[in-house]
Structure formats: structure tokens, C-alpha cells
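Q: Residues per chain are reported as follows:
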Amino acid sequence: MLVVCTFIAALHGAVAIAEEPVAPYEQSNANVGATPIEGTSLFEAMQGREGIQRIVDDLVARLVADPRIADIFVNHDMDRLRRTLGEQVCYIAAGPCTYTGRTMAAVHADLGVRTMDFNVLVEHLRDAMDKEGVPFAQQNRLLAKLAPMHRHIVE
Amino acid sequence: MGYSTYSRFSWLLAAPAVIAGLGAADDAVAKPLANGGKLLLTRGVSTVEGAGGGGLSTWALITGNETEDGVGATAFATYLPLPDYKLAVAGVAVGIRDRVEISFTHQEFDTGSTGPALGLKGHFTFEQDVVGVKVRVAGDAVYDQDRMLPQIVFGAQFKQNSQDAVVRAVGATSDDGIDYFVSATKILLSQSLLLSGTLRYTAANQMGLLGFGGDRRDSYSMQVEASAAYMLSDRFVVGGEYRTKPNNLNFAKEDDAYDAFAAYAVTPNLTGTVAWVDLGDIATREGQRGVYLSLQVGY
Numbered sequence: 001m002l003v004v005c006t007f008i009a010a011l012h013g014a015v016a017i018a019e020e021p022v023a024p025y026e027q028s029n030a031n032v033g034a035t036p037i038e039g040t041s042l043f044e045a046m047q048g049r050e051g052i053q054r055i056v057d058d059l060v061a062r063l064v065a066d067p068r069i070a071d072i073f074v075n076h077d078m079d080r081l082r083r084t085l086g087e088q089v090c091y092i093a094a095g096p097c098t099y100t101g102r103t104m105a106a107v108h109a110d111l112g113v114r115t116m117d118f119n120v121l122v123e124h125l126r127d128a129m130d131k132e133g134v135p136f137a138q139q140n141r142l143l144a145k146l147a148p149m150h151r152h153i154v155e
Numbered sequence: 001m002g003y004s005t006y007s008r009f010s011w012l013l014a015a016p017a018v019i020a021g022l023g024a025a026d027d028a029v030a031k032p033l034a035n036g037g038k039l040l041l042t043r044g045v046s047t048v049e050g051a052g053g054g055g056l057s058t059w060a061l062i063t064g065n066e067t068e069d070g071v072g073a074t075a076f077a078t079y080l081p082l083p084d085y086k087l088a089v090a091g092v093a094v095g096i097r098d099r100v101e102i103s104f105t106h107q108e109f110d111t112g113s114t115g116p117a118l119g120l121k122g123h124f125t126f127e128q129d130v131v132g133v134k135v136r137v138a139g140d141a142v143y144d145q146d147r148m149l150p151q152i153v154f155g156a157q158f159k160q161n162s163q164d165a166v167v168r169a170v171g172a173t174s175d176d177g178i179d180y181f182v183s184a185t186k187i188l189l190s191q192s193l194l195l196s197g198t199l200r201y202t203a204a205n206q207m208g209l210l211g212f213g214g215d216r217r218d219s220y221s222m223q224v225e226a227s228a229a230y231m232l233s234d235r236f237v238v239g240g241e242y243r244t245k246p247n248n249l250n251f252a253k254e255d256d257a258y259d260a261f262a263a264y265a266v267t268p269n270l271t272g273t274v275a276w277v278d279l280g281d282i283a284t285r286e287g288q289r290g291v292y293l294s295l296q297v298g299y
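Those sequence lines, one after another, are chains B and S.
Using the numbering used here, read the first sequence as starting at 1 and increasing by one per residue.
Using the numbering used here, read the second sequence as starting at 1 and increasing by one per residue.
Watch out, some of these pointers could steer you wrong.
[Unchecked claim] Covered stretches of chain B, going by a simulated chain S footprint (3 or more residues, C-beta under 8 Å): (1) 105-116; (2) 133-141; (3) 145-154.
In case anyone wonders, no lab produced these hints; they're calculated from the structure.
Quick reminder that beta carbons are idealized off the backbone N, C-alpha and C, glycines included.
Working from the sequences, and respecting the hints, build out all of it.
A: See below:
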């Protein structure tokens, strides 16, 4: 059934309908766990909302293909992950986005994420941003916003 | 008062600090150790005294590629040819749970053809062993990007010079001594910058290569180390360091040291460092500056 939904979703470009239901929670941009960055240069360096989604999609593909951390994503709703992560990065990059996902603590509860896993994501995110042509100094501005999430993600 | 008696007992002071450091990670003991996983270059390189840091100044970063879940290690070799001397250093260090660092370092300071002019035989070599310990007590240089608090370590370096008679002959009062230090390191990631400062309480002459204490001044003094580095990429960093030193001996003045360096992580396990180092006057010889080369392997 999920396969059919995904197929239909892909046809319509509306991935949301492939997502699995989650327990109710209060939606808020505060769930991002970071405030938007100053200015628009990061958003522009990431090639706007579409570039951010390309980076996020590429990142997620790299994560599930990496044997060091692929296990974390088994049975995970990857469609929802791609959508909410795209919203989150867009919001932090001061793009015109609303974050509809849960807090970092809630999302990562019981996943057993270690610092080394967190760092693997950082490496893949750098590679995905390199591919999109995001300059190193701009990458660091985004990573500086994500780094403090370590204390909510790693147990 | 010599430093020897004091230093023997001071070894004991480090033990509680190490135990406290390990104890702080007790909650993680149930998990299996997982080695590796630190981000590139966030272990620093190895100083000439064997600590995780820059080349001349100790930083608050813990050596090795481990995170709080593992035990890592580094080994390094450094060579610094100067106009009148050659400094060669090699060492190993372990980093435990990204909290405790223990290092063992051997330094050889070859006076070459300068030795006879100083009243020594040709290629007279001062040798020194340094055992270093540091413990992270606060902050996280990498992840605390929303806080001003730097990563802070307390540490000590236990130094034993091989040439007791000669260092006493030049005016030093001991061939061994202990440096005590506190280091604070902050990575300002949004600026691609690393800043670090160290306060070192020391009686060492030329880092201990010319002994400890002296006929001009026979006491400890507080010295300062400062570093700034800019990240050009996740594997390439350039920067500079400045280090003040005591001036304890009458026979020759001792200058501050400084350098400009470039460090490149060839792989996660291999870092190469090249620097232009100026150590000033050493044992009456002026303008001791040269190109510093260092290789570090890390796991």
C-alpha cells in the first residue's frame, strides 16, 4: 500500500500523502531548535528553497547509503524526514518557510544517536552543500546553527 | 628551594584530576567503546611538548579521533632546524572519552657545531622527556556554538631534562619541573575561526631544555599563549601563535616565541603541519627562526 502511495505521490509531486501518521503535537517554529540566520546570503548561497531541498534530498540519500549510520533510518518515514528537514533548514537559512515538524529531542528520542553519528551527518551535509556549490564559510554559518542541537540529539 | 622535591609530590596531584575526568564519563561506560568519529582537525595537532594544540601553544582540544564514546590516540614527529640548533621531537598521546589526554614526548635539542662555542662538545644534545596530562572541565569547543563559554582544560606537564650538570652550569636550579596550565579554546564556526588562550605557570627555561629556575630569577611565573586559526576548508587551517616565556637565566636572555602555521588533514588519520617559527635568542645565539615540519597520525 505504501509503495502505491509513494508512486502516486511521485506522480503528483505531493510527497505528503506518502507519510505515515504521527502522534499529535503542537506545531511551532520554536520546534526548529534554532533561530533564523541574519541576512539572506546563506539562503541565496544554498540556491533558495529548491536548492535547499536538493541538498536535503541528497543528504538523506547519502545517510541511508552509509553503513555507519544506515541502521538509524530503518523503518523511518523518509518522506516525512525529507520534507521536515527541508523546512527546518529553509527556516534557519531565513527562507520563507514554516517548520511543521517536532522538536529535535522528540524526533531523536530512543534512536541512540551518538556523537560519531551526528558527525557523519555533518560530513554528508558538507558534501551535499559542496555539490550545490555552497561556499565553505556559508556552510559554517549553517553548521553553527545546527551544532548546538547536538545536546538534544545525542543521548 | 629546588623543584625536584616539589615535582615528585606534585605527580600525586594529577591522579585525582584524571580519576575525576574518567568518573564524569561513568554514565557512558555501559555503552561499548566506539573509536573514531571526531570531525576533521578537531583534535588539533601536536605541540612541541606533546599536547593537543597548535605547534607552540597547548589548546583545550583533546587529542585523538575519539568522541565521548571512545579512546583515541595520536603519534607525532616534529623537526625544526634553526640557524644554530636543531629541535627534534616525537611523542604519543591518548585521548580518553574526549575528556582526558595523557601524552609522552621526547625532545632532542642538538647544539650542532654551536656546542663548542658554548663550551660544550660538538653536537652536544639536551634531551627532555615530557609527560602531559590535561582534563576537560567545561564547555565544548565544537558544539556549543550558541554559547560564549569556551572548552576549558586544566593540565600539567612533567618535564625531566637529561643534562643536570650542564643546565646547572648555565644557572638553572633544577633539571626537572612541572608546568601547570589552564587552556580555553573556542571555535567560532560561523566565522570559520578558532581562538585559543593558555595561562601557563612555569619555571622552565626554553620550555625546560635549559632546565628550570635560574640565577636571575628562581621562581615560577605566569606565562601566556595565544592562538588564532582560520579554516579555509574542513581539512585546511592556517593561523598564528604567540607564546611568552620566562627569563630566569643570567647568561642569556630568553625571548617570546611565535609562528605562522598551515595544517592540512591529508586523511582523517594523517595531518601535516608546516610553520614559520621564531624562537628569538637561545643560549646567546640570536634570531633562532626556521621552518617547522610536523606529521601526526591519529585514531
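Q: Take the hints in turn and mark each one as holding or not.
A: Structure-based check of each hint:
{"no.": "1", "hint": "105-116", "verdict": "holds (count 3)"}
{"no.": "2", "hint": "133-141", "verdict": "holds (count 4)"}
{"no.": "3", "hint": "145-154", "verdict": "holds (count 5)"}
Checked against the numbered hints above, the structure breaks none of them.
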